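Colleague: One-letter residues, chain by chain:
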Amino acid sequence: MSNVIGTPLAKIDSWDKVIGAAKYADDMNLPRMLHARILRSTMPHARIKSIDTLDAEELPGVVAVITGRDVPIEYGILPSSQDEQALCVDKVRFVGDAVAAVAALDVETAERALQLIHVEYEPLTPVVTMNEALDETRDAIHSGEHADHHNIHKMVALEFGDLDAGFAEADYILEENYFYQGNTHLALENHSALASFSPDGHLTLWSSTQTPHYVHRALAKTLELPASRIRVVAAAIGGGFGGKTDPFSHEIVACKLTMLTGRPVKITLTRQEVFYCHRGRHPVLMWVKMGVRNDGEPTALHFRTMLDGGAYGSYGVASTYYTGALQTVTYKIPAYKFEGMRVFTNKPPCGPKRGHGTPQPRFALEIHLDKIARHLGLDPAEYRKQFIVDDKTKTVNHLTITTCGLRECIDRVVEASGYGSEKRETRNESQESKIENQKSKIKIGFGLACGSYLSGAGLPIYWNQMPHSGVIVKVDRGGGVAVFCGSTDIGQGSTSLLAYIAAEEFGIDVRDVRVITADTDLTPVDLGSYSSRVTVMTGNACIQAVRPLKQKILDAAAEKLLVPAESLSFRDGEIICEDDDARRLKWTDAVVLTEAKHGTLSGTGSYKPPKRAGPYKGSGVGVSPSYSYAACVAQVSVDIETGQVRVEKIWLAHDGGRALNPLLVEGQVEGSVYMGVGEALMEEMTYRGGLHKAPSLLDYKSLTMNDMPRVETFLVETNDPEGPFGAKEAGQGPLLPVPPAIANAIYDAIGVRIDETPITPDKILKALEEKEKGRTARFGPKNFPNAPYPEPLHVEPPEDAPRLERKKG
Amino acid sequence: MLHLPPFEYFAPCSIADAVNLFAQYGDDAIFVAGGTDLYPNMKRRQFTPKVLIGLNGIDGWRGISNGNGVTIRAGTTLNRLSDHPTIRQNYPALATAANLVSTPQLRAMGTLGGNLCLDTRCNYYNQEFSWRQALGFCMKKDGEICMVAPGSPRCWAVSSTDCAPVVIALDGRVRLVGPRGERVIAAGDLYRDDGIAYLGKTRDELLTEILLPPPDGTKSIYLKLRRRDSFDFPILGVAAALRFASNGEIENARIVLGGVGSRPLECVESARLLMGQKLSRELIDAAADAAWKPARPLDNTDSTHSYRKKMTRVYVARALEALSEK
Ligand SMILES: Cc1cc2nc3c(=O)[nH]c(=O)nc-3n(C[C@H](O)[C@H](O)[C@H](O)COP(=O)(O)OP(=O)(O)OC[C@H]3O[C@@H](n4cnc5c(N)ncnc54)[C@H](O)[C@@H]3O)c2cc1C
Ligand code: SF4
Chain P
1 MSNVIGTPLA
11 KIDSWDKVIG
21 AAKYADDMNL
31 PRMLHARILR
41 STMPHARIKS
51 IDTLDAEELP
61 GVVAVITGRD
71 VPIEYGILPS
81 SQDEQALCVD
91 KVRFVGDAVA
101 AVAALDVETA
111 ERALQLIHVE
121 YEPLTPVVTM
131 NEALDETRDA
141 IHSGEHADHH
151 NIHKMVALEF
161 GDLDAGFAEA
171 DYILEENYFY
181 QGNTHLALEN
191 HSALASFSPD
201 GHLTLWSSTQ
211 TPHYVHRALA
221 KTLELPASRI
231 RVVAAAIGGG
241 FGGKTDPFSH
251 EIVACKLTML
261 TGRPVKITLT
271 RQEVFYCHRG
281 RHPVLMWVKM
291 GVRNDGEPTA
301 LHFRTMLDGG
311 AYGSYGVAST
321 YYTGALQTVT
331 YKIPAYKFEG
341 MRVFTNKPPC
351 GPKRGHGTPQ
361 PRFALEIHLD
371 KIARHLGLDP
381 AEYRKQFIVD
391 DKTKTVNHLT
401 ITTCGLRECI
411 DRVVEASGYG
421 SEKRETRNES
431 QESKIENQKS
441 KIKIGFGLAC
451 GSYLSGAGLP
461 IYWNQMPHSG
471 VIVKVDRGGG
481 VAVFCGSTDI
491 GQGSTSLLAY
501 IAAEEFGIDV
511 RDVRVITADT
521 DLTPVDLGSY
531 SSRVTVMTGN
541 ACIQAVRPLK
551 QKILDAAAEK
561 LLVPAESLSF
571 RDGEIICEDD
581 DARRLKWTDA
591 VVLTEAKHGT
601 LSGTGSYKPP
611 KRAGPYKGSG
621 VGVSPSYSYA
631 ACVAQVSVDI
641 ETGQVRVEKI
651 WLAHDGGRAL
661 NPLLVEGQVE
671 GSVYMGVGEA
681 LMEEMTYRGG
691 LHKAPSLLDY
701 KSLTMNDMPR
711 VETFLVETND
721 PEGPFGAKEA
731 GQGPLLPVPP
741 AIANAIYDAI
751 GVRIDETPIT
761 PDKILKALEE
771 KEKGRTARFG
781 PKNFPNAPYP
791 EPLHVEPPED
801 APRLERKKG
Chain F
810 MLHLPPFEYF
820 APCSIADAVN
830 LFAQYGDDAI
840 FVAGGTDLYP
850 NMKRRQFTPK
860 VLIGLNGIDG
870 WRGISNGNGV
880 TIRAGTTLNR
890 LSDHPTIRQN
900 YPALATAANL
910 VSTPQLRAMG
920 TLGGNLCLDT
930 RCNYYNQEFS
940 WRQALGFCMK
950 KDGEICMVAP
960 GSPRCWAVSS
970 TDCAPVVIAL
980 DGRVRLVGPR
990 GERVIAAGDL
1000 YRDDGIAYLG
1010 KTRDELLTEI
1020 LLPPPDGTKS
1030 IYLKLRRRDS
1040 FDFPILGVAA
1050 ALRFASNGEI
1060 ENARIVLGGV
1070 GSRPLECVES
1080 ARLLMGQKLS
1090 RELIDAAADA
1100 AWKPARPLDN
1110 TDSTHSYRKK
1120 MTRVYVARAL
1130 EALSEK
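First to last, the protein sequences are chains P and F.
Reminder that position 708 of the first sequence reads as 708 in the numbering used here, one-by-one numbering, no gaps.
Count along the second sequence starting at 1, add 809, and that's the number in the numbering used here.
Derived by calculation from the structure, the hints in this document are not laboratory data.
Certain hints may be false.
What the hints assert, rightly or not - Below, a list of computed lysine-lysine pairs in the DSS-like style, where the Cα atoms sit at most 27 Å apart:
no. : chain 1 : residue 1 : chain 2 : residue 2
1   : P       : Lys766    : F       : Lys1102
2   : F       : Lys1118   : P       : Lys771
3   : F       : Lys950    : P       : Lys693
4   : F       : Lys1102   : P       : Lys773
5   : F       : Lys1102   : P       : Lys771
6   : P       : Lys766    : F       : Lys1118
7   : P       : Lys693    : F       : Lys1010
8   : F       : Lys1118   : P       : Lys443
9   : F       : Lys1118   : P       : Lys773
Stated by the list, open to error - Covered by chain P, per the in silico footprint, the following chain F stretches (three or more residues, Cβ under 8 Å):
no. : segment
10  : 933–944
11  : 1105–1114
If you're wondering where the values come from, they're calculated on a predicted model, not measured in any experiment.
All C-beta atoms in this analysis are idealised placements derived from N, C-alpha and C, irrespective of residue type, glycine included.
Based on the provided sequences and hints, a complete structural model is requested.
Modeller: This is the structure we're talking about:
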């Protein structure tokens, strides 16, 4: 073994990024390339009566103009939501929906041509809010086949165990409404796509996509080309966070335009268009009812969500289930009912953003627990620790817990921050107010929250029996190792991980490993960078690909060294006999011997998650090989006169299993904190009518460097049996506890509850005013709309799930 | 990425040449200094000038010189301004304001002259062309009505310069050079209460210098309200300058608000209350109250207008408190 795994190493592509050599899609240029722009709807909801492209076509420099009729086939990321068209044919559904496209010799001409396309719309009443979506007198956004009912896209209701009995056992029941605002990914790189069609009928697309495989499928469908003639390559990606996981209109349009013109076509979106593509965090309204005994033990949880989905399905069905799936994997809950609903509105479509569908319910749940703990006079940290799920058990909704390091996570952050202890009085770190002499108006508070996330979705997006991830490893006679995998590195370091694993296994230097990824022609399928699946799945596939190769090399070496193969190991570029280290062979020599014996050296590996879905419809969402855990303490200062909140410090402990590269895990934690603090305090998608209010990096508020708190990270390394070398996930889970920890800290500081995000200064002042007037010291949604949730499906909990003990009656 | 519309660019070497060039192209021309305000606006098609007259090549365009008070050339960058020892020492509010503008990158390019002439802002206006097309255009550009106050005959776009309130509070003057000659006016007269015709100078007049009187013991401060600690325009700016007599009485007082109207607003009533008095809790509250009332922010910037109005009172009080301690 060499010492790669567990060592803090730079990413293998970091030099390329630092010196500017990494090629993003927009950096690529091909001879004779055309530039395309997309005309987007100016109406939130309208029928298209006519589109006249004649003037645009006649503009000198314009090469092609297309409309929906040229690419009418419907697509969508989920097989059950094929409700998008690359360019709208009959109807537009939000301001920004794509209507027509122009390819021209340069961008300026393409842009000018857009102004010459005349679209005649027949406006329909826009459906902007969730309440409007429930109003059946408004026009339906989609036809019946795409929606469960009118503008209700999806409804689910599931009940696990006996909810009534659970509430009957409770000594204290708390009900509350919460709202988590929608926000977007804000990746620095704008989406870009470059397509090229060769005269022999091969289509190539380079795109900033997290999911080349799914794009590949969508292209085959919408362009009616055999998949075997389409090659999708993910270029270097400047951040994704879930914003590049759908097949997008501009990708299909670039392909269609290159097919029509025979010239390469590039489309790079503007920042405003990226806001329109969106697929970000769903705004979710939640109603939570939880029953506990006097010692805080949960007896029943009833969770209702309503998601504002925007104009299309996207991942929405999965998102809806996710708002109910993971409430059970942190604390023992013996009876659980979940009702979820997603509605269509005339706004950019929502989808998966870091934490996909789970930060919203986690926000509600962790504040709810804080309230319960305070009501019962319990320490919120100690309280949670009593009811943490056990290793090797199942949850009431049939999810399998392999390892859970949450208790240790809580201990680590509590200890480091002094949460709940006497240290309280001495907390005075960096209380600098923006204005001098205001110390008395600045209140300090501490809050704690936890979270959990899956290490990869247990099921693929489209039903099939094939592996989720494939890896090919090739060993060159010069000693170089090439790893081929369909995975996409969106900055998290997944490409580097494959190199680390190969280097570790072969005992060679990481620099002797090349990784070729995300190219549907060259690499075996990996489903993509989403659901925190990549490390666990590609890692396992890589190990599987490497191990038989290793055996061959060992056998050849053993033959040469005249020792048993079992006594040999790979170390520092050599194969060494453990019993007699004079018997050793250079890695390169061993490789040559092996190739002479076996021919070309390569191995393949694939990974499919264990089959664990529960026995009910909808059980596919939430299952995973393993779950990560995180605990967070936030220290905030609140200015009671201005309502301004400063997050001073975040302590975050994350159980991501074994950290294959601790540096990268810490990076994910810090990035998650950044995003979590932003979502808690300022990020929001706001609309005026159907029009996005702030589609720019200036007006859409996310943290700047100066607003970023200090972060202290702790890695709690459980050794998970499912992961490669014991790893779980790190990319999304650490975000989850951050927003509720901040909300809880604000309560600790000033005694008011802000039950919705973003927690802006004016909301704080309003809550303080309520408090002053002797009313409920709270800002948040007052009620939940009356919506037609279906009768729940009753599901019997598995044997080893938490059981409700009957103590009463 | 958004692209600039096509234009012709001139780089005159003297003030006279710049003024002459402008006279030659008139309506088709716009002056540009650092371009940090103008270029983004051009990309969004708020402006599509045929001719740009770049000012940065003018001889003696930047620099700060001492004399009776201080003279700041219009082309002085915000970074230079905030780092300059004399400014930091004698006019701290100006150093603070310059240092709070946007980001380090923009302060390296942005000039004081450009900052004082900054276009007024409104979140119905500072949007891409296609966005404005979706909403319907407003009267500040391409349209007829005001989207914030639809019945209003005027535009309420917001004066969002950080430095203007300070320069006014410090009793600054500006030198304007135009085809009809040269004039020096009070900084306050550089502004008009109109979101469209927001400058009290003609388009062909070049702002060449900012003149500040000797500090003479004046204490000054600038406080800025914004969502984030960088990048953001002020949604409220409070510039306060006080001169105390040796017995502690206030001899001279000026409080100027930015970000709450189409021009920097002077709190005349607050100043009147302060004059001849010693600062006390009650006086501070009374002055803050008086400042609060005339502020009439509309719902066309970040955050809510009621919050901005509320904060006017708090920020004025805090500015005065800070000055009383200095
Ligand atoms: C993201 C972003 C954030 C920003 N944040 C802030 C902020 O927080 N606070 C703030 O105050 N500003 C902010 N700005 C605006 C701008 O960067 C600054 O105001 C800067 O000082 C403008 O100076 P400039 O030299 O770049 O002006 P230019 O862009 O060159 O000019 C601005 C205007 O003034 C005119 N002009 C310039 N110089 C002269 C002159 N000498 N005589 C006559 N007319 C002239 C130009 O014709 C133009 O109309 C921000 C801008 C951006 C893009
Ligand atoms: S205040 Fe009214 S007229 Fe002025 S820019 Fe805003 S919307 Fe347009």
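Colleague: Of the numbered hints stated earlier in the document, which are not met by this structure?
Modeller: 7
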